[in-house]
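Novice: Take a look at the letters that make up each chain.
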Amino acid sequence: MAVERKRRANLADYGLNSERVLMRRKGPGVFEQELGDLESKLMLTTVEKAVAWAQGHSIWPDTFGLACCAMEMIAIVSSRYDVARFGAEVFRSSPRQADLLIVSGRVSHKMAPPLRQIYDQMLEPKWVIAMGACASSGGMFSNYAVLQGVDKIVAVDVHVPGCPPRPEALLEGIVRLQEKILAGVPPAYEIRGVAS
Amino acid sequence: MSWQHIPGFLEKREAHGETTVVVERERLLEAARYLRDEAGFNVLADIAATDYLGWNERRVAGYWGSIGGRDINSPGSWGLHKKPQPKPRRFSVSYHLLALREGAGRLRLQVWCEDGEPVPSVVSVWPTADWHEREAWDLMGIPIADHPNLERILMDEDWEGHPLRKDYPLGGEPVRFSGEE
Amino acid sequence: MALAIERKPAIYEGSRIPRPIPTVLQVDPKLREEGDILEVNFGPNHPSTHGVLRLVVELNGERVVGLKAVVGYLHTGFEKNMEQKTYWKAITYPERIDYLSFQINELVFVLAIEKLLGVEVPPKATWMRMLLSELNRIHSHLVWLGTAALELGAISLLWYCFRERDAILDLFELVTGVRMHTRYFQAGGLAEDIPPGFFTECRRFADVMEARVDEYEDILSRQAIWLERTRGIGLLSAEDAIALGQSGPVLRASGVDWDLRKADPYLAYDQVDFNVPVYPNGDVYDRYLVHMDEMRESTRIVQQALDGMPVGPWIVDDRKIVLPPRHELHTSMESLIHHFKLVTEGYRVPEGEVYVAVESARGELGCYLVSDGGPSPWRVKFRAPSFAALEATATCMSDALVADLIAIVGSLDTLMGEVDR
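Chains as they are written, first to last, in this note's numbering: chain E, 1 to 196; chain P, 197 to 377; chain W, 378 to 798.
Hints in this document: simulated from the structure, not taken from any laboratory. Some hints could be false.
Unchecked claim - Each pair of labels, with its calculated beta carbon distance range:
#1 Ile532/W x Asp233/P: 26 to 34 Å
#2 Glu711/W x Arg116/E: 51 to 59 Å
#3 Glu253/P x Val90/E: 56 to 64 Å
#4 Glu411/W x Arg92/E: 34 to 42 Å
#5 Asp695/W x Arg372/P: 39 to 47 Å
#6 Gln97/E x Phe576/W: 56 to 64 Å
#7 Val194/E x Arg396/W: 45 to 53 Å
#8 Arg599/W x Ile153/E: 43 to 51 Å
Source: prediction; values computed, not measured. Even glycine gets a Cβ: it sits at the ideal position worked out from N, Cα and C.
Construct all of the structure, not just a fragment, from the sequences and the given hints.
Specialist: Set out below in structure tokens:
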């Protein structure tokens, strides 16, 4: 199904600075409000809305657990912080069957090429959540061995802070990603114009 | 046990309830065999290589490899009250041995070497030394002689330099905060 | 506890340690010519949650004939980072090394600092450290059991184990404020006093835990598929285990009665009563049994620690290493100065080198600390038990099928954060 991409290339024209959507500067509820306005401005067709609804409510993550954050990522599968409520309980081992790459844990320079390879193997549309401080920015490890932020090699949609983030925080990240998708915001590689 | 009978015995130190025995680098293999067979230290727990470059002076490597050091976390950059005891050579390789008997006898077997001097491998004595020696080579640059498979283990195969040396910079990059603009 | 094991030379007649390289299983050259060997890469990202381990495996049909483990995909440079921080700040780093029994890592580093400083920790802090170490051990074994069973197909156990795991993490949150990576131990004792209500909650947990372990054993121990997949797989003889420097559950499952808590007691382990499970066969099933029994014994230790918890200060009184209590800062000039110096510069640790080893969930976790008399460590080296356990994969894997490979790697309970540091 061919979706028109051109008119969504400049989200800034619609008053959306995509980096700021995820930062609560002005108070609670603003995130949803901004996205709500965006939805009406972009004038998504019904089909596009339906596709976004389907994609957003069944995001399948890839098992990319690296370090401590992976333990909290497994915790969201457990019954207390059930992620199945959000449609994302199916953790696929093969990147070719996954939509979402949750980079959980510190990425060393030796691991960066496999990470990029896994990202390349995923089919579009695909999203990336950088979970934890180490994936977002290198975390407490500002040294020779750790990649300072996974957004140097893949395009990240949502950064979840924490060391490690509580399972609820990761769920919040997944929920915000869902809302982004439902609002029609394209995945990060399109916004940034980078290779996917 | 009598320390004098260890082949290549140079020195014995006791501190904090631990015994350290320094042997000559060339006779390490004989000393290791003696300690395993005669003295009963049948487990090699750890091989720790230490770089003492800059031991008595200010730290050599700092942020981005400059001698200034990090501003926020540069403890000791204003000098030490008392200079520590000088060390004989630049590198020390400590073999932590354990005897599986009542009381858990422990011993630290130590050899000293300079940059580039090879240390004989003890893989034939304790097979577990394989990866520990590879790590000593990879991170500290101590060449191990007669090692069956001396390759880099923790860093990339084509990495240059030995990261845990004191003249290797810490790396990383300065942090920019998004509120700055 | 007398250890009567004959001293055999390390590479002896019946040894399965491959030669000439102990950690690499090499394909027989005859087999390479005649059979067709398939080289498969169990890459750094694979569905088992043991982290980023890469196994380059050579298969002859379903049989593993060649094996090489490649590690380093999680190398974080802990040791070099810790050299740049003061001791106080450096305590946050060791936790992330073994991220399942995190407080045990803190413990070993803090014990090393205290050994160099020569301070004596008050008994309440010692007992609390012991209690928290045992909770960490249970936590680590629960996650191990959940994920190892998941890989072998007993998927439902993951949810059972994580139910208990969340209960333990609730306890950690009650004491320290964070679920994981709590940074609760300080050189001299604990960072803060134990909040009220912890002991009640902990007792409630400990009362329930034994029954839960029995529940897990009911599910697995006599189950036909589990027995077939784990009995007789991944054999490691006692002499090979000692030669390969194994420790912890792997060593005890091979028949060697060795536990640092009994052999060389630290903290208050000589004042509590517990057994050390030892099983003779050295296969995956025995390692599983050792883990289950250890969970039970740890629960017993927790209950005894709750019963015998002394009262008193939670940190040593020495103002040169420990922050003075805040109310003193208003009245005492010396306290203010000490507080200032400790926060800006940090305490200085006398020159020396120590090696401290504790029994972590995986084996002997050691910390080699060299100090030059300054406020930050000169060299810190952690001896990770999983590093040695991975060296034993080639020996355990001598005639295994591909499916057994997963079971064996799971049973060795390796954690890549430890291996790569």
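Novice: Broken hints, numbered, in rising order?
Specialist: 1, 6
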